[in-house]
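Engineer: Letter by letter, the chains look like this.
Protein chains: 2
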Amino acid sequence: MSKKYAIGIDLGGTNLRVALVSAEGEIVRKIKRSSSEQVFDSLVESIEEVKHGEIAGIGLGVAGIIDRKNGRVFSSPNLRAVEGIDLVHGIQRKFNVPVFLENDANAAALGEKVSGAGKNFESFVLLTLGTGIGGGIIHKGELLDVAAEAGHMSINAEADKCPCGNIGCLENYASARAMIARAVAMLEKGTESILKECCKGSIYKITPEDIYKAALEGDTLSREILREAGKALGVGIANMINVLSPEAIILAGGLIGAWNIYVQEAIREASRRAFKDLFDSVKIIPSSLGDEAGTVGAASLVFMKIEKNTQPRF
Amino acid sequence: MSKKYAIGIDLGGTNLRVALVSAEGEIVRKIKRSSSEQVFDSLVESIEEVKHGEIAGIGLGVAGIIDRKNGRVFSSPNLRAVEGIDLVHGIQRKFNVPVFLENDANAAALGEKVSGAGKNFESFVLLTLGTGIGGGIIHKGELLDVAAEAGHMSINAEADKCPCGNIGCLENYASARAMIARAVAMLEKGTESILKECCKGSIYKITPEDIYKAALEGDTLSREILREAGKALGVGIANMINVLSPEAIILAGGLIGAWNIYVQEAIREASRRAFKDLFDSVKIIPSSLGDEAGTVGAASLVFMKIEKNTQPRF
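Residue numbers (my numbering), protein chains in the order written: chain A, 1 to 314; chain B, 315 to 628.
Here chain A stands alone, though its shape is the one from the complex:
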C-alpha cells in the first residue's frame, strides 16, 4: 500500500476524537474536542489539523444507527445533528479521498482487533460501558457490519420504558445513566449513604466514580448499586454468549474502572446463566486501547475496505 496513514474519527455524543493512524493501528497524531452542533465544520477543521501528507482515506465512527446502504446515520439519540445529513459525501468531496462510515462501538471493536485486547481472538463481542451501552461484534477476524446494539436488548420485557422506545433494555440497568438514576432515587427517598456528602451536597452531580469510591469505603448503597448494575450486565453478557458464542467478551468504557465490584458481579452472574460449555470457552477481559479504540478502528476500516477493494458507499 502506498499511503501509510488514514484518519480515524470517533464522533460520540460528548467528544469528537480525530487521529492520524498507521496501517498497523498506531496513532501518530491526535486531537480531542467536544462534540459540536456544527458537526460538518467541526469535522473538517479537525481533519485539517491532524492531516499530514497524503492519506489513504477517512473512517468515521458515529454513535447511532447506521444506514450502510446510503452512508448515512439513521438516528443518533445523543447527537441529533448528524441525523439525515450526508456527512460521508460531504467529507469525501472536501478531501477527495474514500470515506467510510461505521457505528462508533463497531469501530472500537475493530480497533481492539487490529491492535488491542482482541488481537489474538478470532471472535469477540466488545461492549462499551458508559453513559449508555454499545456493542461491536468481531467474527472470523472481521467486523460484522450489523447494528450490535447490545445495550438495547430487552432483558426485562415487562419493566421500564427505555428512551429508545423498547422496554427493559440492558442499558436501563447496567449503564452509568442507570447507576446514577438509582443513586439519586434512593438518596431522594432518604436512604443512608456517604454519597450524600459528595459533590458538595448536590446529589444530582454524582458520577459513577463517586459511587465506586464510596463503595470501596464500604458504603452499602453504593455497593448495592454497583452489584445490581453488574448483575444486569451479566444477564446481557450471558445473552451475547448464548447467541454469539465468542472467544472473548471485551469490556470498554469508563465503567470498567469499577471492575472489582461491577464487572466481577457481571462475570459471576453470566457464569450462572450462560450455557456452561460456552461460558467455559469465553474470556472476559478489559479493552486495552481505552478511548483510542474508536479512532484506531475507524482508520483501520479504511485500510480494510481498500484492501478488499470495497467501494465507499455514496
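Think of the hints as simulated: they come from the structure by calculation, not from any bench.
Just so it is clear, the structure is predicted and the values come from calculations on it, not from any experiment.
Glycine included, every Cβ here is placed at the ideal spot set by N, Cα and C.
Incorrect hints may appear among the rest.
[Claimed, not checked] Partial selection, computed: residues in chain A whose CB lies under 10 Å from chain B:
#1 G151
#2 H152
#3 V184
#4 A274
Given the structure of chain A, go ahead and fit chain B onto it with the hints provided.
Structural biologist: Then chain B, alone, in the frame of chain A:
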C-alpha cells in the same frame, strides 16, 4: 465438482431425517424415523438406506451446543445420547467421506439460504419455533458458526428458571412447551375454556394445534395464550433486530401454523420495540422448506466446506 450429491442429516430430539441432496439443494431421496438412543447405529443404517453411488460427504445437523473445535456435541438436553460421543469421526471412518457437524437450527438456516425463503437475502436470522426455540444466523450470505441459541436469551431476567440454567429465557414464554404449560396451569385453576373438552378430556395431551383451533373458534383462554406467547416472541425478535439488524427474520417450525394470531402479535410487538429504522428494513416471513430445511442445509454444508477447501475437524 465431480460428486453431485451429499447426504444431509437432521438429528433432533424427536426425529431423525436423512436425505440425499444435490449441490443445488434439491432432495432426491429421503427418510424419516424416530430419534433413537442407539444414535450411531441408527445413523449408519439410515445413511446406507439413502446413499446412492458416490457422495461428496455427509453433513450432520444436531440439536445442541456444538464443540466446533473437536467436532463433538458439548450438550444436547433433548438427545443426551449424542453428548460426548465421537459421531463425526465414527461416521467418517465408516463411509470414508468428509463429515461436517453443525447445530440443527444453524443447518436449517443454511438450507433456507441455499434453496428456501432466504435465497434472496444476504443476511437473516432463522428462528425455529417448536417445543423449544432455536436459531441460525446468515450474514453476507454465509452461515455464522456461532451458537445462535436465541431461545436462551433472557428476556425476563428476574423470572422463571429455564431448564438450561438461565432465568427468563425466551423459550420459557414463546415456545410450544410454554404455551402448553400455560394452558394446563390455567385449566387446572379452573379457567373456563373449550380446551377442557379436547383430547378426550385429558388436558395433559393438549397440543399447540388444539390451542390454535380453539382460538379460531373464539376461545378466550386460547387466544390469550397465543397472544402472550406471540408478544414474548416479539421481544426476542426485537432483540435480534437490534443486535443483528438482518434483512429478514425467517420463522420456521410447527408453531408458524398459528401465524395469524401468534406471529402477527409477535410482529406487532417487535415493531413497537426494535429501532424503527431497523424494523422498517426487515422482512418477517415464514420458512419455505419447512421440515426439509435441516437436511438440505446439512448437505449444503458439505458442498460449501469442500468448495472452500475446509478440512473436516477431527
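Engineer: Taking the hints in turn, state whether each one holds.
Structural biologist: Hints, verified against the model:
no. : hint : verdict
1   : G151 : 9 Å, holds
2   : H152 : 5 Å, holds
3   : V184 : 22 Å, violated
4   : A274 : 7 Å, holds
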